[in-house]
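What follows is the residue order along each chain.
There are 2 protein chains.
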Amino acid sequence: MSLRLTILGCHSATPRSLTYTSSQFLEMNNECCLIDCGEGTQRQLRKYKIKFSRIKYIFISHLHGDHFFGLIGLISTFSLLGRNSELHIYGPKGLKEIILLQLKLSKSWVDFPLHFHELSSSESELILENDRIKVYTIPLKHRIYTNGFLFTEQPLPRKLNMKEISKYKEIDICDYQNLKNGKDFTLTDGKIIPNKDLTIDPAEPLRYGYCSDTEYHEEIIPLIENIDLLYHEATFLEEHRDLAEKTKHSTAYQAAQIAHKAKVKRLLLGHYSSRYTSLDLFLEEASILFKNTELAEAGNHIHLSN
Amino acid sequence: MSLRLTILGCHSATPRSLTYTSSQFLEMNNECCLIDCGEGTQRQLRKYKIKFSRIKYIFISHLHGDHFFGLIGLISTFSLLGRNSELHIYGPKGLKEIILLQLKLSKSWVDFPLHFHELSSSESELILENDRIKVYTIPLKHRIYTNGFLFTEQPLPRKLNMKEISKYKEIDICDYQNLKNGKDFTLTDGKIIPNKDLTIDPAEPLRYGYCSDTEYHEEIIPLIENIDLLYHEATFLEEHRDLAEKTKHSTAYQAAQIAHKAKVKRLLLGHYSSRYTSLDLFLEEASILFKNTELAEAGNHIHLSN
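Residue numbers (the numbering used here), protein chains in the order written: chain A, 595 to 900; chain B, 595 to 900.
Do not rely on the hints blindly, as some may be mistaken.
[Stated by the list, open to error] Listed below are the simulated DSS-like cross-link pairs for lysine-lysine, each with C-alpha atoms no more than 25 Å apart in a straight line:
1) A:Lys698 x B:Lys701
2) B:Lys641 x A:Lys701
3) B:Lys641 x A:Lys842
4) B:Lys701 x A:Lys840
5) A:Lys641 x B:Lys687
6) A:Lys698 x B:Lys774
7) A:Lys701 x B:Lys728
8) B:Lys840 x A:Lys701
9) A:Lys785 x A:Lys763
10) A:Lys842 x B:Lys698
11) A:Lys698 x B:Lys735
12) B:Lys701 x A:Lys735
13) B:Lys690 x A:Lys690
14) B:Lys753 x B:Lys698
15) A:Lys643 x B:Lys641
16) B:Lys753 x A:Lys687
17) B:Lys857 x B:Lys842
18) A:Lys687 x B:Lys690
19) B:Lys687 x A:Lys698
20) A:Lys641 x A:Lys735
21) A:Lys701 x B:Lys687
22) A:Lys763 x A:Lys774
23) B:Lys857 x B:Lys728
Honestly, the hints are just simulated from the structure, not real lab data.
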């Protein structure tokens, strides 16, 4: 089981010569998701040689342009490339209207099944579950309705404790799947061997939290406690805390506070304001409180496995 | 008086690693226009160091994504950059709805005057006239409602024929402006000196025609006769004439036919399909019929003066 995250863009507001706005490609347990889709995302997908057809799910945090202006172009390109597999888009209410209006006026109906899952709840909810992953919203606090997303692998099957199993001749290879699934074993004499005596706890499912855009918002902490990796926006440095408050963004230090209080394993900063020419101070500021901090930069690739 | 044209993107369908979709920056007689605005246009503007604030008019040919998906991002960036001067957008009916819906849902109202001029006529019409330029639509024939645009300088003032003028002591320097404007001069004895005896014809106003996307469409010829520069789409080569007909595009040879029949001075080809790895054959094919053909490529800069 593994998690592979590629940063496609991680700067705020507007694409510039050397920077791209928010987008990430996440491969978790063999399911491929795109998280946010700023203008130019399809260009970045090509640059990092990510096959368009692999994307099955797209998650849009909110309707500020730097998080979704690339979506209509990407959908159109899917169409031009002859996509026929289904695409699921999760995002705020209104996103469907924006996309369908443009498809209608350009007479560019797509030939693949396009499913919109519009979000409007202010509570965290399970929005996607299949055999491999689960995705929950993380309600954020920004100028407009915004969700982060928590991606988790489905629990791994229990590991067989072959040393213990070998003590029971009655347990056959055909029974292994039931044991992996947590079932107890009943001997022919009616005696029950508890599953925990025959199996070992598997590794914990990997979990990734994406939180952008948001002001400092402690209510998210219970949702992201102990996760393996947290991407948290850090638009400003502490010296511009006033701007962060005014625009409902976070500072690098505040992102570290959230990571620290939620006891996450790694913190990834991003969504930097263009006012800063160097990102070093972001790392420095967050690392004071939370050592395991890294800077997101386009092209970064993070691989976790359990 | 001059015309400066910078190609920002000239490939069809979808942005790729090395190519951008349709957009051009035109400076004519000191008025700055953007023609079409595919995704990534604002990136190209930065690359070619064109100040965003110079753009006063934007012309959108039609609502296929490769001609307008960059517009909402550009408008948002204008806003972020603190623009306060007015912006005029000319394009098909529906464009306003697309832009305003996105501004509304992102709660990103612009602070500058944003004027939409929606087009729906199937006849050529004068859509913009000021002291410096005039812009007419060129109705094209494509899969959806599409206009090309004819940009012309306002007529230049007549040139003074100082040799002739010096024969008349009564003509004072104060009268020069009237003569430049074409007025006759009346002597005190009542005799009228015709303007043509006192002035010389000025250079012809420069004219530029942008025609994309369209199938071969001879009806445009009277509108673009003898113009200084014609950009005509050439999505395909003759070997794919069937595809051109099916998709209502033109071949390089057909673009040359239009240029030849309209007796334009120069032809610029563009809107190439991505199926071609080299553009040399486009130039070759069109040049058979029309020698003065050039290939548009991103970053090309054409300067004409009279």
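We went through each hint and held it up to the structure:
Simply put, Lys698 (chain A) and Lys701 (chain B) have alpha-carbon atoms about 23 Å apart, close enough for the 25 Å limit, and the pair holds. Our distance criterion of 25 Å between C-alpha atoms is broken by Lys641 (chain B) and Lys701 (chain A), whose separation comes to about 32 Å. A hinted pair counts as satisfied when its Cα atoms are at most 25 Å apart, and Lys641 (chain B) with Lys842 (chain A) does not qualify at roughly 31 Å. A C-alpha spacing of about 15 Å is found between Lys701 (chain B) and Lys840 (chain A), which places the hinted pair at or below 25 Å, so the restraint holds.
Straight-line distance between C-alpha atoms of Lys641 (chain A) and Lys687 (chain B) comes to about 35 Å, which puts the hinted pair past the 25 Å bound. A threshold of 25 Å between alpha carbons decides the hint, and for Lys698 (chain A) with Lys774 (chain B) the separation of about 52 Å lies outside it, so the pair is violated. Taking the CA atoms of Lys701 (chain A) and Lys728 (chain B), the gap is near 31 Å; set against the 25 Å cutoff, the hint is violated. Of the pairs offered as hints, the one joining Lys840 (chain B) and Lys701 (chain A) holds, with about 15 Å between alpha carbons and a cut-off of 25 Å not exceeded.
Among the hinted pairs, Lys785 (chain A) with Lys763 (chain A) is consistent with the structure: their alpha-carbon atoms are about 14 Å apart, no more than 25 Å. With a CA separation close to 19 Å, the supplied pair Lys842 (chain A) and Lys698 (chain B) stays within the 25 Å bound. Distance check on the hinted pair: Lys698 (chain A) and Lys735 (chain B) sit about 19 Å apart at the alpha-carbon level, within 25 Å; holds. Distance restraint check for Lys701 (chain B) and Lys735 (chain A): the Cα-Cα separation of roughly 15 Å lies within the 25 Å cut-off, and the hinted pair is therefore satisfied.
A hinted pair counts as satisfied when its Cα atoms are at most 25 Å apart, and Lys690 (chain B) with Lys690 (chain A) qualifies at roughly 18 Å. A threshold of 25 Å between alpha carbons decides the hint, and for Lys753 (chain B) with Lys698 (chain B) the separation of about 52 Å lies outside it, so the pair is violated. A distance of roughly 23 Å separates the Cα atoms of Lys643 (chain A) and Lys641 (chain B); the hinted pair therefore holds under the 25 Å criterion. The straight-line distance between the Cα atoms of Lys753 (chain B) and Lys687 (chain A) is roughly 62 Å, outside the 25 Å bound, and the hint therefore fails.
Of the pairs offered as hints, the one joining Lys857 (chain B) and Lys842 (chain B) holds, with about 23 Å between alpha carbons and a cut-off of 25 Å not exceeded. The suggested pairing of Lys687 (chain A) with Lys690 (chain B) holds, with an alpha-carbon distance near 21 Å, which does not exceed 25 Å. Using a Cα cut-off of 25 Å, the hinted pair Lys687 (chain B) and Lys698 (chain A) holds, with the two alpha carbons roughly 13 Å apart. Using a Cα cut-off of 25 Å, the hinted pair Lys641 (chain A) and Lys735 (chain A) is violated, with the two alpha carbons roughly 33 Å apart.
Of the pairs offered as hints, the one joining Lys701 (chain A) and Lys687 (chain B) holds, with about 13 Å between alpha carbons and a cut-off of 25 Å not exceeded. A threshold of 25 Å between alpha carbons decides the hint, and for Lys763 (chain A) with Lys774 (chain A) the separation of about 18 Å falls inside it, so the pair holds. Proposed proximity of Lys857 (chain B) and Lys728 (chain B) is supported: the alpha carbons are some 21 Å apart, at most 25 Å.
Of the hints listed earlier, those the structure fails to meet are numbers 2, 3, 5, 6, 7, 14, 16, 20, in rising order.
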